[in-house]
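A.B. asks: Each chain is listed here by its residues.
There are 2 protein chains.
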Amino acid sequence: MTKTLAFVLYPGITPLDLVGPLQVLSALAQIDTSFEVVVVGQDLTPQDTDTPLKLTPSHTFRQVTVPFALIVPGGTEPTFAAMADEPLLSWIRKAAQTAEVVGSVCTGSLILGAAGLLDGRQATTHWGFRDLLAKFGATPVAERWVQDGPVLTAAGVSAGIDMALHLVERLAGEQTARTVQLFIEYDPQPPLGGIDWQSADLDFFKPHARAMLESALADHPALLTRLTA
Amino acid sequence: MTKTLAFVLYPGITPLDLVGPLQVLSALAQIDTSFEVVVVGQDLTPQDTDTPLKLTPSHTFRQVTVPFALIVPGGTEPTFAAMADEPLLSWIRKAAQTAEVVGSVCTGSLILGAAGLLDGRQATTHWGFRDLLAKFGATPVAERWVQDGPVLTAAGVSAGIDMALHLVERLAGEQTARTVQLFIEYDPQPPLGGIDWQSADLDFFKPHARAMLESALADHPALLTRLTA
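Read top to bottom, the protein sequences are chains A and B. Mapped onto this note's numbering, the consecutive letters of the first sequence carry residue numbers 1 to 229. Mapped onto this note's numbering, the consecutive letters of the second sequence carry residue numbers 230 to 458.
Since the hints were derived computationally from the structure, they do not count as laboratory data. All figures in this text were calculated on a predicted structure; none of them were measured in a lab. Mixed in with the good hints there might be a few duds.
Stated by the list, open to error - With a cut-off of at most 25 Å between alpha-carbon atoms, the simulated BS3-like pairs for lysine-lysine come out as follows:
id	chain 1	residue 1	chain 2	residue 2
1	A	LYS54	B	LYS283
2	A	LYS3	B	LYS283
3	B	LYS232	A	LYS54
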C-alpha cells in the first residue's frame, strides 16, 4: 500500500517551512513509488503566506484520513492563531492516531502542542519560541531536529530540509538519502558561515515574540494565559 | 523609491528554487522597507510545480516592468520547455535591460541563456546541466553561486538560499544578512554531511538529462539541436 506523506497547509505559513521538506520528500516519492506526497488543507483555495506567494493544497482534509506521515509547517502570527483553529487541530489529532511520523517544522510544533501531541515528548521549534514548548508538557531541546517516538520536530524554517533528509534515510536508507541530496544539490555554503549562537543577539526578539502571541490570541485569552503566564 | 525584487513564476518549476531565496529576500524587505518582494507570472492563476503544491504569483508581468532585481527559478522538463516560451523570455529580456540584478537558481540560468543574457558571462546551474551553459555563450563555473556583472546565478535548487544571503549582504550589509540568517535559522546540518563530489555518481544522470531535453523541446528542433549537438 502506498504510504502517504502529508504536508499540512493553513493560512499565513512561512512557505520555506513547507517547501524545503516537500522538495526532499517529493524526490523520495520519485525514486521510491511506495511513497506519495500530498499537501492537505481545509479546501483547495490558494492560501496566503508570510510572503507575497500564495500556496494551494492538492487535497482537502476530508480526502486524506490516514497518512503515514504528517508534517506541520510554522510561521509567525497566523501560526499562533492556528493553535486555536479547531478544524485544523481536529484533523491533526485524528491523523496522528495512526501516523508513524508526526512531524513539524519551526513553530509548527506549537500546533502539535496545542493539539495535545507533545505531552511528555522531547521537541524543538524556532529558537525564538523554544520556551513555549514546555507549556504543552514537552521538554524543549536545542537541536536541528528531534525524534521522540513518532514525533519528529525541526528547528526554525530551513531546518526542515535537514529533518526531511534524516527522514528519507530512516524510511529508504542512506543511498536514497544521498541521491535526494544530490538532486536538490544540498551542499550548503552559507556566505557568512553557520550561525554563531554565542554572539547572536537573541534577546532582542523576546518583546516581538510576546507581541505576536498577544495579537494572534487576543480572542483566546485562556490559551494566551497558558502560554505567557 | 522602493526597489522591487521580482521572482519569476512559470508552470512546472521546482518550488524550492523560488521559495528559498523568496524567504530570504522577504525577510530583507521586512527589515529594510526600501525593498519590496513580488512574484510575477503571466497571469494570477495557480501554477503547477514538480511537486503536488501549486503556486500563485502576486503580480502579472504587465504590472511589474522595471524591477531592481529579477530571479528566475529552475526545474526539469517544464523549465526546458520554458526556454522556448516567448512571452516569458520577452519579459525577462526587457526587465533585464534596467535591472541591477539578473538572477537565477538551478536550471533557471538556462532560461537566462535562452533569453540571450549569458553571452560572455560566467555562470552556473544544477550540476546535471552545467555543460549546457556553454551553448549560450557562457563560461560554466562549478561554484555555489557566481556573480558576473548584473548576472547572479546559483547552482541547483537549495543553492538559491546561499545566493540570496549573499545578495542581502551586498544590498544591505553584513549585519542585516546575519539577522535574516537568524530569522530563517539557517545553520545547516545535512545529516550525511555535504555532498562528496568525488564519490558521487554523476554520470548516471546524463541519459535522463538528455531524455528530458528531447521531450521538452520536441516542438523546437532548432533549439534542441543547439543544445545537444
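A.B. asks: Each hint: holds or not?
C.D. replies: For each hint, the structure was consulted:
The straight-line distance between the Cα atoms of A:LYS54 and B:LYS283 is roughly 8 Å, inside the 25 Å bound, and the hint therefore holds. The straight-line distance between the Cα atoms of A:LYS3 and B:LYS283 is roughly 21 Å, inside the 25 Å bound, and the hint therefore holds. Only pairs whose Cα atoms come within 25 Å are accepted, and B:LYS232 paired with A:LYS54 is accepted, the gap being roughly 21 Å.
This entry satisfies every hint, going by the numbered hints stated previously.
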